[in-house]
Amino acid sequence: MDNNRQGAKASYVALVFFIGLWLILPSAVRRFNREAFAEFQAPALHLVGKGRDLARYWELKSRSPEELAAASRDLARINAALELKLHSLDDARKENIRLREMLRYPQSTEFVTVVARVSIRETSSWWQRIVIRKGRSDGIRPGCPVVFGDRVIGRVSTVHLTTSEVDLVTSPGFRCTAFLEGDDQYHVVHVSGRAGLSLSAPRAVVSIIPLEYNPPAGQIAKVMTTGLGGVFPSGLTLGTLEAGVQSTAEKHMQTGALTPAKELNFIQEVSVLIPKYPTAGEILLTPAGKPEEFR
Amino acid sequence: MSLSWAWLFLLLATFPWLLGVDLLSDAMAASGVCLFVSGAAIIAPCRRLRRWQAVLFSACVGFLFESLRPIPDGSLALLLVFVAIYLTSHRDEIRDMPKMFGAAVVVNALGCSAWFIAAGLAHTADVPLLSLHFLGQWLLHLLLATILAVLLLVPLTLVQNFAMDRVGVPQPDEAV
Numbered sequence: 001m002d003n004n005r006q007g008a009k010a011s012y013v014a015l016v017f018f019i020g021l022w023l024i025l026p027s028a029v030r031r032f033n034r035e036a037f038a039e040f041q042a043p044a045l046h047l048v049g050k051g052r053d054l055a056r057y058w059e060l061k062s063r064s065p066e067e068l069a070a071a072s073r074d075l076a077r078i079n080a081a082l083e084l085k086l087h088s089l090d091d092a093r094k095e096n097i098r099l100r101e102m103l104r105y106p107q108s109t110e111f112v113t114v115v116a117r118v119s120i121r122e123t124s125s126w127w128q129r130i131v132i133r134k135g136r137s138d139g140i141r142p143g144c145p146v147v148f149g150d151r152v153i154g155r156v157s158t159v160h161l162t163t164s165e166v167d168l169v170t171s172p173g174f175r176c177t178a179f180l181e182g183d184d185q186y187h188v189v190h191v192s193g194r195a196g197l198s199l200s201a202p203r204a205v206v207s208i209i210p211l212e213y214n215p216p217a218g219q220i221a222k223v224m225t226t227g228l229g230g231v232f233p234s235g236l237t238l239g240t241l242e243a244g245v246q247s248t249a250e251k252h253m254q255t256g257a258l259t260p261a262k263e264l265n266f267i268q269e270v271s272v273l274i275p276k277y278p279t280a281g282e283i284l285l286t287p288a289g290k291p292e293e294f295r
Numbered sequence: 001m002s003l004s005w006a007w008l009f010l011l012l013a014t015f016p017w018l019l020g021v022d023l024l025s026d027a028m029a030a031s032g033v034c035l036f037v038s039g040a041a042i043i044a045p046c047r048r049l050r051r052w053q054a055v056l057f058s059a060c061v062g063f064l065f066e067s068l069r070p071i072p073d074g075s076l077a078l079l080l081v082f083v084a085i086y087l088t089s090h091r092d093e094i095r096d097m098p099k100m101f102g103a104a105v106v107v108n109a110l111g112c113s114a115w116f117i118a119a120g121l122a123h124t125a126d127v128p129l130l131s132l133h134f135l136g137q138w139l140l141h142l143l144l145a146t147i148l149a150v151l152l153l154v155p156l157t158l159v160q161n162f163a164m165d166r167v168g169v170p171q172p173d174e175a176v
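Line by line, the protein sequences give chains R and B.
The first sequence runs 1 to 295 under the numbering used here.
The second sequence runs 1 to 176 under the numbering used here.
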């Protein structure tokens with residue numbers, strides 16, 4: 001027993017020494033450690049996601065042929081309408097390019113879309129995030145916007161080889177600039193996630209709303225991305241501004257709560273928008289002489 | 001099979017349980033609570049594994065929890081290592097089932113507090129640590145961690161004991 005206790009004392013000393021070492025170790029070592037454990041879990045997360053897909057497949061397979069025929073007919077109609085829209089948008093795009101060239105206006109950020117299935121959701125008071133089944137090997141980079149249709153879901157926070165972690169709009173780490181619907185002067189407001197209350201729907205905060213702003217009467221004001229900063233394309237819906245906008249303590253601005261555009265906790269598939277060319281932030285953070293990382 | 005790898009085989013046997021609890025958290029995502037059972041998962045191994053093996057196992061369990069969450073590196077893993085050293089030098093405190101239940105509840109609550117406070121320190125500007133909001137959230141997570149430790153200890157211990165028997169880890173009475 002004495003030997004056992006003596007060994008324990010030595011272990012405590014070793015632990016204290018290791019904690020000291022851990023604190024002064026370069027962050028690359030800690031990052032490697034985190035990455036290694038995340039990669040260890042990645043196959044299991046893929047398996048879970050594929051299991052869900054299989055369950056969904058069998059659920060769909062059990063539908064009656066009449067139901068499927070009706071769904072197919074509806075989709076064909078929607079496709080026809082979208083094809084018309086696509087054609088008109090193509091004309092607008094060409095005209096836009098021509099006008100930009102005439103005015104020597106800088107090109108807007110172009111994105112490549114990668115569709116990814118949600119593997120697992122992680123929520124707590126301090127974070128709201130999802131893990132998706134696409135990663136570095138698919139070209140995803142930290143900071144890429146994540147959307148569903150024209151609605152913002154969040155932003156990629158960490159990228160692993162075959163999985164990525166996405167901070168949702170309501171997560172405390174999320175920050176974005178936005179315009180409010182009904183604001184004719186296009187004041188830029190700030191949207192940020194907030195550490196949430198458990199057992200209640202997660203919310204984000206819309207701050208620096210000008211005092212003179214009044215939401216459009218009889219309808220809910222949409223909050224849309226500005227496109228400033230080059231991370232999110234402009235015009236995407238972040239959510240809606242809840243009623244009950246309040247003045248700040250200094251009485252020079254207003255703040256309000258944002259309800260996300262999509263039910264974030266039930267989403268199964270998202271699109272990651274990968275900028276074709278490095279953003280300004282990425283260029284600043286890239287070590288000199290390593291631009292090939294973005295190719 | 002070499003006994004020195006017992007901790008790794010045990011980790012592989014325990015991982016599905018940790019993943020299962022993560023999936024339970026996923027199913028409850030709308031409620032905004034994170035379920036935690038990593039603390040209870042180290043109790044049975046600490047009865048039978050050698051100290052260095054228990055330390056490695058506990059560190060891995062802690063790092064697995066931290067790796068996919070924005071928790072400061074090592075805050076949970078190092079606490080679990082400390083607990084593993086304590087438990088392997090006081091094996092009489094986890095000798096029978098009632099004592100194991102007590103230890104599982106305490107260790108799970110300690111681990112839950114460690115990651116909750118460590119993660120919360122990054123948000124003190126939004127939520128002060130000494131606020132009702134913070135205390136309420138903390139107590140809710142503690143309560144869930146305690147309940148989960150009580151509910152899952154028996155099946156978890158059964159699986160872990162089965163894995164340790166297969167690998168040839170000595171029984172608790174013979175453990176050094």
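No wet-lab data here; the hints were simulated from the structure.
Where is the CB? At the ideal position from N, CA and C, for every residue including glycine.
Hints should not be assumed to be uniformly reliable.
To be verified - To give an idea of the interface, some chain R residues facing chain B are shown, with a C-beta separation under 10 Å as derived from the structure:
1. Arg5
2. Ala8
3. Lys9
4. Arg34
5. Ala36
6. Tyr57
7. Arg121
8. Ser124
9. Trp127
10. Thr162
11. Glu165
12. Asp167
13. Leu197
14. Ser200
15. Ala201
Evaluated hints:
Hint on Arg5/R holds. Least Cβ distance to chain B is approximately 6 Å, under the 10 Å limit. Residue-level restraint check for Ala8/R holds (minimum Cβ-Cβ distance to chain B is 3 Å; threshold 10 Å). Because the closest C-beta pair between Lys9/R and chain B is about 9 Å apart, less than 10 Å, the hint holds. Using the Cβ-Cβ criterion of 10 Å, the hint placing Arg34/R at the interface with chain B is satisfied: the shortest such distance is roughly 5 Å.
Nearest Cβ of chain B to the Cβ of Ala36/R: about 8 Å, under the 10 Å cut. The hint holds. For Tyr57/R, the interface hint is violated, since its Cβ never comes within 10 Å of a Cβ in chain B; the closest pair sits about 19 Å apart. The interface hint given for Arg121/R is met, as the beta carbon of that residue sits about 4 Å from the closest beta carbon of chain B, less than 10 Å. Annotation: interface hint on Ser124/R holds; nearest CB of chain B at approximately 4 Å, less than 10 Å.
Taking 10 Å as the C-beta cut-off, the interface hint given for Trp127/R holds, the closest approach to chain B being about 5 Å. About 13 Å separates the beta-carbon of Thr162/R from the nearest beta-carbon of chain B, more than 10 Å, and the hint is not met. About 7 Å separates the beta-carbon of Glu165/R from the nearest beta-carbon of chain B, less than 10 Å, and the hint is met. Proximity of Asp167/R to chain B holds as hinted, the smallest CB-CB distance being about 8 Å (cut-off 10 Å).
Restraint check, Leu197/R versus chain B: the minimum CB separation of about 7 Å is within 10 Å; hint holds. Evaluation of the Ser200/R hint against chain B yields a held restraint, the C-beta minimum of about 7 Å falling below 10 Å. Restraint check, Ala201/R versus chain B: the minimum CB separation of about 7 Å is within 10 Å; hint holds.
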